[in-house]
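Top line first, the protein sequences correspond to chains R and Z.
According to the numbering used here, the first sequence is numbered sequentially starting from 295.
According to the numbering used here, the second sequence is numbered sequentially starting from 241.
Please note that the accuracy of each hint is not assured.
What the hints assert, rightly or not - Rough simulated footprint, nothing fancy, chain R against chain Z, three-plus residues with beta-carbon under 8 Å:
(1) 251-257
(2) 689-703
(3) 839-847
As the list claims (entries may be wrong) - Some chain R residues near chain Z, calculated using beta-carbon distances under 8 Å:
(4) 378
(5) 534
(6) 565
(7) 590
These are calculated hints, taken from the structure and not from any lab test.
We treat Cβ as the ideally placed atom computed from N, Cα and C, and that holds for glycine.
Each chain, letter by letter, is given below.
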Amino acid sequence: MVQSLIIIEHNGRQAKASSLSAVSLAQQLGGGYALLVLGSGVMGIAESLRGFGAEAVLVADHALLAEPLADRYAAVISQAARDVGVTTVLGTSSTFAKDILPRVAALLDAPMVSDVISVSNEDGVIGYQRPVFAGSLCATVTLQGDTRVVSARSTAFQVPSRNGVCSPVTAVSIDPDSLPNGMEFVSREQPASGRPDLTEARVVVSGGRPLKDKETFERLIGGLADAFGGAVGATRAAVDAGMAPNDCQVGQTGKVVAPELYIAVGISGAIQHLAGIKDSKVIVAINRNPEAPIFQMATYGLVGDLHEIVPRMIEAARAGCR
Amino acid sequence: MTDIPLSQMPSREVFGNIAPWMRLVFYGMILGSLGVLAWQVGRQARLWWRGKPGGFEKDWRLWVRRLATFALAQKRVHRKSLGGALHLLLFSGFVVLTVGTTLLMIADQGPVNFHRGWYYLIYELTMDTFGVALCAGCLLAIYRRLFRRPVSLGHTRRDWALLGLLLALGVTGFLLEALRLHYTQVVPGVARWSVIGHVTEMMLFRHLDIATTRGMHLGFWWVHAILVAVLFAAIPVTRFLHVITGPLNIALRPAQPVGALAAVNLGEVEQTGLIGAEKIEDFTRQQLLSLDACMECGRCEDACPAWASGKPLSPKAVVVNLRGLMSAGSATPRALHGDTIAAETLWACTMCQACVQECPVLIGHVDLISDMRRNRVAEGQIAGPPAKALNHLSRQFNPYGQPNLNRLDWAAGLNVPTVESNPQFEVLLWVGCAASFDPRAQNVARSLALLLKEASVNFAVLGTKERCTGDPARRLGEEFAFQESARANVDRLNASRVRRIVTPCPHCFNTLQNEYPQFGGQYQVQHHSQLLAELLKNGRLQRNGKGRGTITIHDPCYLARANDETAAPRTVIDSSGGSEVREMPRHGRKTFCCGAGGGRMWFEEAPGQRVSHLRAQEALGTGAKTLATACPFCLNMMSDAMSAVPGGEGVTVLDIAEVLAQHGKQNTA
């Protein structure tokens, strides 16, 4: 019996690993689950998802779904949820989900809880834990009603391993005339880099002004990020100095990240930067100045010259991977 | 001279050369032009009256004091060297000549002709002196507008007409005097008192016969008379309008502390559904009058950090554009927001009050901007990091979005007393969000706490019960969030029976001292520089020996300018012993903003447009190795800027409390 419907995000070529962490949540909730992939020409992605133990991999493949327009996606998802008869619609807390899931909840007339980091079960009542008050408290939320919409914080759940079960792939029928048409896709801008998205990466390596130039920045910060399979971030100062592109900026006026591991290289820790990293699980700081404010925030601190430390870390990380 | 018969006492004729019918025509003409003047000013006043009622200062004693200081003594006009000097010449010339001529009319028409004897001689000398002043002022003004052409100075063709008119009045006045001296055959001993007229007569007219000079006199008299009439009528359509609107605004601007913004009556807002200025009529009548008081001298623009850093904000342009909208009347399709004042302009203001401090006619630029911001925020026209900061301020009680439970993290290991653990405290240490959460500024809080302990000050903190004063919300125009914070804090402070407060943040200081009284919070508030200076003076803190070498002091706007405290930070630095203070060109009340005020702390700034970089370069110019400030926001901005500008790496940026605390360490070490 399928209990949960998990919305899978992808980049047109493959599913995003972060969105698979919702599978772990579904497994914890118990009951069967189905995956839903939306897009145009996404059969290949659906095929790649057959090994995750789902009762079914549903595919909504249509030219009108080529871009993630919230009104159409929400209509398709809510229809699929009704057709399958699931109790829970699941996604991960990403920009994609923030855009779409509340609409799904509204269409299903279902309650929604976002940013879930764990679940508990007491006498059959499911409690959803989510951080509140900037992470200083954790609230347990229970939901009423037969259906509910839940988004999971991807860094709080493991990416599931393949278990070999071959899920069937089923196409969802799309009626183009019934799809809403209120939104128009204009354009998409994305960096050329093959690295994971900053806001979704499990590891983020960021650099500050002491990296001096673009080449050093790429060699050390890019190198360390690649060694961990992580994303590259930068302080405003590094972006100003032209060492890193604008969309790498992390902090108050840039992106807010919450990876499992945040490595701050040559970052003193101005409050403007800290505003963007405070939800990171583990913060490692490398700085020459032992008085640098970042050390107050860091889980682990390394006082020393980043030009010596980082190459050794890259080497060690690579060796560890092998 | 009392022995000389009345008829022979030195005096002058007034209308001797003017036939009675001409005098009638003259008086009619002057009355007519005064009528035109009154009518036109009345037309402007109707524009002002479209504004919200009230907003005028009612205390007449304050009017008198302000008029004496700012109108008569022109306290703020002098500050520009050439502009100030020429204005003094024009102003004194115009005032004395107008008063003198009026006195002459009174003497001539009144029951007693007092215009004789010594009075007459001194009168002539005075009038000549100030006639020269007027002409010199005109010439200097023409020179300045022709050759110097200050960028910030407003200029139109009408300015040439106005200056030409004033100069022509001065010149014809002297010609008339010379001609009168000649045809009335005044003896040289008396004529000499009318210096310029006498010399002019000697040079130009001494060989002419009396009939000719009489004729010439009549001709010039009419020219002079017509020019006077034209001048009166032209006042409202030229920059000269400020001779009326300037003093009016100086007298009528409502009294409030420089750093305080006017409170909004939320009950009223609920009824009208309106907050701030959406249309030009939403400003008060006094604010609309103030727009007409501007004569575009440009002092505000010269002082503005947003303008200096290349942002699309000039306080002068704000006033001039608003005035343009007001004058366009109700028929104009132009909107206040967008068409007249761009959003980028509105948000570029750091509310450093430099423009307000410079304005000779007391225009409140920051109040204008605040009213417009309030409306924009109410309309939801604020997004991005500043909106997030406001959100944080309301939800987490601090603009950084940090858990408020961590508010005492800075005090770890210091055993800092709270109002619960030490209910008998004398002074409340109001830490403020920056010193509580910004890891760099936390060190300021720690240094201050250590100094207070060293001086055995009986103090306590509110701890997790403290929340943002609401200052960023109020400057950004989020009046609801501000008032919520203010009321909650006042309740807590009163419940803890707080009487004295010390805070290391000038923004908290300003809000606690100048804005909380609006909500029933009356405390004796000190900035930490003031308390530290006091403790040093009365010996409870003692420092001697070697200091930090060369040091420059960056005065925070909300300490120096808004609250007039420039001595205390210097006392602290001087008492640290041995430090050589090197002042920046802009220091004390003339300080230059760091760029963080007015909510700008939470805005992204393009690299070429950072106010802080301009200030860092100014500080580097002093060659000082330490930059001391007294504000956690200045500390943050200047630290950041110093590491970004070339040559800045060698400069340490510290708070004055850190300078003092470190100095103590050096001694004991």
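Taking the hints in turn, this is what the structure says about them:
1. 251-257: violated (count 0)
2. 689-703: violated (count 0)
3. 839-847: holds (count 4)
4. 378: violated (37 Å)
5. 534: With a closest approach of 4 Å, the residue 534 of chain R hint holds.
6. 565: holds (4 Å)
7. 590: holds (5 Å)
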